[in-house]
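Asker: Let the hints inform the model, and build the full structure from the sequences given.
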Amino acid sequence: MKKILVFSNGEKIGDGIIKLQLLHEIKRRLPDYKLYWLTDEGTTVYSSTLNNISSKYIDVFYEKANISPFIWKRISEKFNLNDEYFEYILDTQKSVLRTLALKRLNHKNFISGSANGFFSTKKIKFNPNKNKYYLNYIFDLLNSIIE
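Here our numbering is used: the first residue of the sequence shown is 1, the next is one more, and so on.
Be aware that a few hints might be false.
[As the list claims (entries may be wrong)] Capping the alpha-carbon separation at 25 Å, the derived lysine-lysine pairs in BS3-like fashion look like this:
(1) K73 / K56
(2) K27 / K12
(3) K34 / K3
(4) K2 / K56
(5) K27 / K108
(6) K94 / K108
(7) K34 / K123
(8) K123 / K94
(9) K103 / K2
(10) K103 / K3
(11) K125 / K103
(12) K108 / K64
(13) K94 / K3
(14) K108 / K78
(15) K94 / K27
(16) K123 / K27
(17) K73 / K27
(18) K94 / K12
(19) K64 / K3
[Claimed, not checked] The following label-pair restraints were derived from C-beta to C-beta distances:
(20) E87 / Q21: 20 to 30 Å
(21) K123 / N52: 29 to 39 Å
(22) N106 / D32: 11 to 21 Å
(23) S55 / K12: 11 to 21 Å
Simulated from the structure, these hints should not be mistaken for laboratory data. Idealized CB from N, CA, C, for every residue including glycine.
Answerer: Encoded structure:
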């Protein structure tokens with residue numbers, strides 16, 4: 001089965017509710033994919049408070065993985081991510097250091113808005129509205145997968 005990994009630095013209840021639309025849209029657009037959700041230092045309400053809803057969409061959680069950008073270290077001391085392979089990695093945050101750590105994961109396509117999409121394997125068509133809503137930004141990333 002094909003896998004997609006979504007990386008966030010965690011969600012509190014507000015962000016979790018806002019991103020529910022993203023979870024639904026990923027499964028709608030990529031129904032044959034297994035969805036993995038990875039957080040670096042934070043936790044996600046998808047594995048706790050909102051688990052009744054999110055479990056319909058997210059297949060595997062990797063919380064507080066503490067990923068490392070340094071090649072002489074394991075990607076994560078907590079999870080064996082070195083042996084995983086993802087068709088897509090969707091990096092929803094903008095920290096370059098975390099993006100570099102994610103790039104170390106085995107993948108075919110890497111989608112990230114970090115550094116204006118510099119690290120992405122596919123061109124991201126960002127909506128030119130600079131004051132746009134965060135969910136629109138994430139959907140710009142998701143649209144890069146589908147196009």
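Asker: Evaluate each hint against the coordinates.
Answerer: Hints, verified against the model:
1. Between K73 and K56 the CA atoms are separated by roughly 34 Å; this puts the pair beyond 25 Å, and the hint is violated.
2. For a cut-off of 25 Å, the pair hint linking K27 to K12 stands: about 22 Å separates their Cα positions.
3. For the proposed pair K34 and K3, the alpha carbon gap of about 5 Å is at most 25 Å, so the pair holds.
4. This hinted pair checks out: K2 and K56 have alpha carbons roughly 17 Å apart, not beyond 25 Å.
5. In summary, the hint linking K27 to K108 is supported, as the alpha carbons are separated by about 19 Å, within the 25 Å threshold.
6. Using a Cα cut-off of 25 Å, the hinted pair K94 and K108 holds, with the two alpha carbons roughly 20 Å apart.
7. The suggested pairing of K34 with K123 holds, with an alpha-carbon distance near 23 Å, which does not exceed 25 Å.
8. For a cut-off of 25 Å, the pair hint linking K123 to K94 stands: about 16 Å separates their Cα positions.
9. Distance restraint check for K103 and K2: the Cα-Cα separation of roughly 18 Å lies within the 25 Å cut-off, and the hinted pair is therefore satisfied.
10. A hinted pair counts as satisfied when its Cα atoms are at most 25 Å apart, and K103 with K3 qualifies at roughly 16 Å.
11. A hinted pair counts as satisfied when its Cα atoms are at most 25 Å apart, and K125 with K103 qualifies at roughly 20 Å.
12. Distance hint between K108 and K64 is fulfilled; the C-alpha atoms sit about 24 Å from each other, no more than 25 Å.
13. Simply put, K94 and K3 have alpha-carbon atoms about 22 Å apart, close enough for the 25 Å limit, and the pair holds.
14. Under the criterion of a C-alpha separation no larger than 25 Å, the hint pairing K108 with K78 is consistent with the structure, at around 23 Å.
15. At roughly 23 Å between alpha-carbon atoms, K94 and K27 fall within 25 Å of each other, so this suggested pair holds.
16. Our distance criterion of 25 Å between C-alpha atoms is met by K123 and K27, whose separation comes to about 22 Å.
17. Restraint check for K73 and K27: not satisfied, since their Cα atoms lie roughly 33 Å apart, outside the 25 Å limit.
18. Proposed proximity of K94 and K12 is supported: the alpha carbons are some 18 Å apart, at most 25 Å.
19. Simply put, K64 and K3 have alpha-carbon atoms about 20 Å apart, close enough for the 25 Å limit, and the pair holds.
20. The given range of 20 to 30 Å is respected by E87 and Q21, whose C-beta atoms sit roughly 22 Å from each other.
21. Checked against the hint of 29 to 39 Å, the C-beta distance between K123 and N52 comes to roughly 37 Å, which is consistent with it.
22. Range check, N106 to D32: Cβ separation about 19 Å, and the 11 to 21 Å hint holds.
23. S55 and K12 have their C-beta atoms about 18 Å apart, which keeps the hinted 11 to 21 Å range intact.
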